[in-house]
Amino acid sequence: MLKIGDFQSNSCHGLSRRSFLTASAALPFVGASHLSGHSPISVSSAKAKSVIFIFLWGGPSHLDTFDPKPEAPIDYRGPFSTIGTTIPGIRFSELVPKLAARTDKFSLVRSNVSLDQGHPGAGTVATTGYKENPEPVHPCFGSIAARHFGEKEFPPYLMLGKGVPRDVVRPIKGYGGGRWGKAYDPFMIDCNEMGEVNVPALKVLKGLSPERLQERSTLTKSLETIQKSVDNPKANYWSTTQSKAISLLTSPQALQSLDLSKETEKVRNAYGQTSFGQSLLLARRLAEKEVPYIHVNWSEYVEALTPNTDFGWDTHIHNFDMLPNRHCPILDRALSALLDDLEDRGLLDTTLVCCMGEFGRTPKINNRAARDHWPQCFFSIWAGAGIKPGRVIGQSDAKAALPVTDPVKPTAVGATLLDQMGINSIVRAELDVLRDGELISDLV
Amino acid sequence: MRTLLSLLVLTIFSARVLGSDSGCLEDQNATVSQRQTNKNQVTKITFDGRLKHDPVFVDDGKSIVYTSLEKFNQLCLMKVPFSPGHKPKPVRFHGAANTSELMASFSKNPDIYAFLRNNGNLHFEIILENKITGKSTSYNPGGGFAGIRNISYAPDGQNVIFAFPNQNGPQQIQALSKDGKSNLLLTNSEGVNGCPKYSPDGKQIVFSSSRDGDFDIFVMNSDGSMPVNVSKSKGLETHPCFSPDGKQIAFTAIRNGHYNIYLMNADGSNVRKLTKHPEVDDYPCWSPDGKTIVWVGEREGQKDLYSIEIN
Chain A
1 MLKIGDFQSN SCHGLSRRSF LTASAALPFV GASHLSGHSP ISVSSAKAKS VIFIFLWGGP
61 SHLDTFDPKP EAPIDYRGPF STIGTTIPGI RFSELVPKLA ARTDKFSLVR SNVSLDQGHP
121 GAGTVATTGY KENPEPVHPC FGSIAARHFG EKEFPPYLML GKGVPRDVVR PIKGYGGGRW
181 GKAYDPFMID CNEMGEVNVP ALKVLKGLSP ERLQERSTLT KSLETIQKSV DNPKANYWST
241 TQSKAISLLT SPQALQSLDL SKETEKVRNA YGQTSFGQSL LLARRLAEKE VPYIHVNWSE
301 YVEALTPNTD FGWDTHIHNF DMLPNRHCPI LDRALSALLD DLEDRGLLDT TLVCCMGEFG
361 RTPKINNRAA RDHWPQCFFS IWAGAGIKPG RVIGQSDAKA ALPVTDPVKP TAVGATLLDQ
421 MGINSIVRAE LDVLRDGELI SDLV
Chain B
1 MRTLLSLLVL TIFSARVLGS DSGCLEDQNA TVSQRQTNKN QVTKITFDGR LKHDPVFVDD
61 GKSIVYTSLE KFNQLCLMKV PFSPGHKPKP VRFHGAANTS ELMASFSKNP DIYAFLRNNG
121 NLHFEIILEN KITGKSTSYN PGGGFAGIRN ISYAPDGQNV IFAFPNQNGP QQIQALSKDG
181 KSNLLLTNSE GVNGCPKYSP DGKQIVFSSS RDGDFDIFVM NSDGSMPVNV SKSKGLETHP
241 CFSPDGKQIA FTAIRNGHYN IYLMNADGSN VRKLTKHPEV DDYPCWSPDG KTIVWVGERE
301 GQKDLYSIEI N
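Same order as they appear, the protein sequences are chains A and B. Here the first sequence is numbered in my numbering, starting from 1 and rising by one per residue. Here the second sequence is numbered in my numbering, starting from 1 and rising by one per residue.
Worth flagging that the hints you see were computed from the coordinates, not collected in a lab. Note that the coordinates shown come from a computational prediction; the quantities given were computed from them, not determined experimentally. One or more of the hints may lead you astray.
Here are the simulated BS3-like pairs of lysine-lysine, each with C-alpha atoms no more than 25 Å apart in a straight line [claimed, not checked]:
hint	chain 1	residue 1	chain 2	residue 2
1	A	K69	B	K232
2	B	K276	B	K232
3	B	K44	B	K87
4	A	K364	A	K69
5	A	K98	B	K178
6	A	K364	A	K289
7	B	K178	B	K131
8	A	K98	B	K276
9	B	K89	B	K135
10	B	K71	A	K162
11	A	K69	A	K131
12	A	K364	B	K71
13	B	K135	B	K181
14	B	K108	B	K79
15	A	K69	B	K108
16	B	K44	B	K62
17	B	K234	A	K399
18	B	K232	A	K266
19	B	K232	B	K87
20	A	K266	B	K44
21	A	K266	B	K178
22	B	K247	B	K232
23	B	K108	B	K71
24	A	K69	A	K409
Partial chain B-side listing against chain A, Cβ under 8 Å, derived [as the list claims (entries may be wrong)]:
hint	residue
25	E70
26	N73
27	S138
Backbone N, C-alpha and C fix where the C-beta goes; we use that ideal spot for every residue, glycine too.
Generate coordinates for the entire structure from the input sequences, incorporating the hints supplied.
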């Protein structure tokens with residue numbers, strides 16, 4: 001990776017913070033930008049101008065959050081109480097009180113299923129609808145949106161996080177274009193707990209300011225330097241797509257959208273001083289710019305407590321410590337703030353929010369007083385853009401082990417997301433994606 | 001003008017922190033007296049807003065050691081002078097740590113302490129430090145995922161108690177000798193037992209347990225005998241700790257979705273709500289003189305240490 005600069009930006013609490021733009025060989029959005037957008041049919045039926053897909057990577061326990069079973073035996077139900085929601089008869093765990101008070105803004109699916117019980121495989125299922133094997137990997141939902149909508153001011157598929165979701169062994173395969181190639185991979189943006197935004201693929205040479213970036217010749221020279229250093233045959237994208245890269249890099253509006261210091265402290269504080277919270281705030285700013293698909297990762301790594309990983313939801317140990325002490329308060333605050341913020345700004349009608357993990361966790365408490373992987377039944381949260389709020393779709397059995405209603409398949413998640421964006425079954429058929437994806441009909 | 005404004009803010013904040021309503025555990029005698037309210041002053045101890053937990057007083061109450069998310073992927077033990085009204089800079093307690101370290105606990109001698117180290121994939125070990133002898137001992141349960149948690153050093157420095165799952169699922173409290181070689185099971189119940197803390201005289205242990213349903217506060221003898229549920233309330237109660245005189249217990253409870261700090265007598269009577277803020281208040285700890293409680297408070301989305309003087 002080549003650094004080609006840095007600049008200062010302000011952040012909350014009056015501190016001066018350094019933001020970075022970096023450039024590397026990847027620059028996937030540049031590669032994608034030769035595609036000016038598919039849009040073969042009208043998107044007038046589209047309800048969602050943007051999708052914010054919130055990926056609770058690692059697999060949160062459904063029993064300890066949104067599908068508690070207080071009447072189950074002690075070795076299933078766990079140690080948490082339940083609280084009421086705004087929906088009569090529906091209770092959540094006591095660990096998510098803010099979301100429990102906002103069930104009039106979203107709907108909850110309690111009958112999601114996955115096709116894989118390992119993280120990378122299930123991660124691919126969650127983001128593409130299909131198993132990783134046999135290859136080639138299917139394009140992920142964000143890449144389908146990217147191909148359909150094409151380049152505008154921003155790359156059409158942004159992924160907010162430190163990197164492609166992974167475990168300590170390997171990343172998931174289904175994060176990007178899959179069989180369509182890297183041209184449709186996501187454009188990565190990282191946001192830390194202070195709201196400092198780092199664009200790993202766009203690092204600019206030290207000493208360059210955003211103003212100097214607008215000197216086209218300076219940037220072009222830097223990009224040429226990168227091009228020469230890239231030992232990737234696909235690097236010849238550069239010759240044809242440089243201008244679009246430059247237009248993004250030199251767009252004051254685009255750069256402003258990445259600058260969270262433009263927000264009031266009240267808004268920033270509402271999301272919480274966590275990288276997840278500030279990432280959701282950044283996602284809202286990008287939704288304001290109508291970026292089609294914004295994928296927000298809870299963490300890069302699934303592991304909850306492993307050296308050099310970033311505290312994912314994979315709580316094989318410490319489940320009953322980490323959920324009340326860390327994960328649930330962060331999620332509860334940040335997601336509630338996002339829903340409030342989108343509603344307050346009138347964006348909830350045009351922004352579809354979907355929040356889920358790659359699977360749930362074992363109903364029976366494991367022999368480490370925690371919970372393991374459980375792809376047979378888990379939850380997803382849906383809000384905005386035509387989603388009917390205040391509903392619970394699907395039902396699990398008495399131990400939250402299996403759906404007792406029709407399971408919501410991974411392809412249904414993708415089909416529903418894309419359909420709300422106007423990428424309907426006809427378009428999907430043209431693109432040869434999610435042909436078997438049925439809509440989660442009760443949601444819309 | 002600025003001073004007046006500060007006083008106004010402080011007054012409002014203090015009123016929000018120390019509950020003057022009847023917020024309580026199941027409406028038991030929950031209000032701290034108005035006389036006490038007027039004397040209470042909340043002070044912010046740290047100012048970085050990072051995620052924090054498990055503060056403990058050290059150096060006869062002159063400093064606090066706590067766990068903090070110092071890097072996006074690393075928890076560190078930090079030490080900060082306890083000097084209300086000032087803005088001391090926290091420093092790394094173990095400057096060279098390159099993996100997560102958390103949950104420090106000290107014996108009466110601050111040179112003898114223990115903490116958890118994340119030494120592998122979902123794997124923890126207990127490090128027993130003796131700065132007097134310069135000897136460091138570890139207790140590593142081996143195997144794959146190992147979720148040791150919630151350690152507490154005995155006041156006499158002879159052993160450490162901690163929570164660890166047993167083979168068939170429930171999580172139990174165990175005691176580990178100071179040489180790290182032998183351990184003893186102190187609980188043998190269903191559910192999740194955790195967050196054990198010794199009483200100041202070392203004769204009792206307070207802990208949380210879900211054996212009766214959700215997390216309640218229990219007290220037992222230090223050999224594990226005579227466990228008694230002293231809170232018996234619906235909703236989570238956790239992170240208990242004895243006052244230095246052993247007569248009271250501070251703990252965290254969730255009521256109506258709010259995490260707040262509560263006090264009760266050691267037998268579970270006279271429950272009082274100490275903080276009353278809509279954001280999260282958690283991890284109470286007592287100063288050695290029993291006059292102050294420090295906790296991790298979330299204010300405007302930022303987590304810092306706060307202190308309050310109590311009678």
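Okay, the hints, checked on the actual structure:
no. : hint            : result
1   : A:K69 x B:K232  : 20 Å, holds
2   : B:K276 x B:K232 : 21 Å, holds
3   : B:K44 x B:K87   : 9 Å, holds
4   : A:K364 x A:K69  : 11 Å, holds
5   : A:K98 x B:K178  : 43 Å, violated
6   : A:K364 x A:K289 : 44 Å, violated
7   : B:K178 x B:K131 : 13 Å, holds
8   : A:K98 x B:K276  : 17 Å, holds
9   : B:K89 x B:K135  : 29 Å, violated
10  : B:K71 x A:K162  : 13 Å, holds
11  : A:K69 x A:K131  : 30 Å, violated
12  : A:K364 x B:K71  : 34 Å, violated
13  : B:K135 x B:K181 : 14 Å, holds
14  : B:K108 x B:K79  : 17 Å, holds
15  : A:K69 x B:K108  : 43 Å, violated
16  : B:K44 x B:K62   : 15 Å, holds
17  : B:K234 x A:K399 : 21 Å, holds
18  : B:K232 x A:K266 : 38 Å, violated
19  : B:K232 x B:K87  : 40 Å, violated
20  : A:K266 x B:K44  : 20 Å, holds
21  : A:K266 x B:K178 : 49 Å, violated
22  : B:K247 x B:K232 : 18 Å, holds
23  : B:K108 x B:K71  : 30 Å, violated
24  : A:K69 x A:K409  : 23 Å, holds
25  : E70             : 11 Å, violated
26  : N73             : 5 Å, holds
27  : S138            : 15 Å, violated
The structure is inconsistent with the numbered hints 5, 6, 9, 11, 12, 15, 18, 19, 21, 23, 25 and 27, although it conforms to all the rest.
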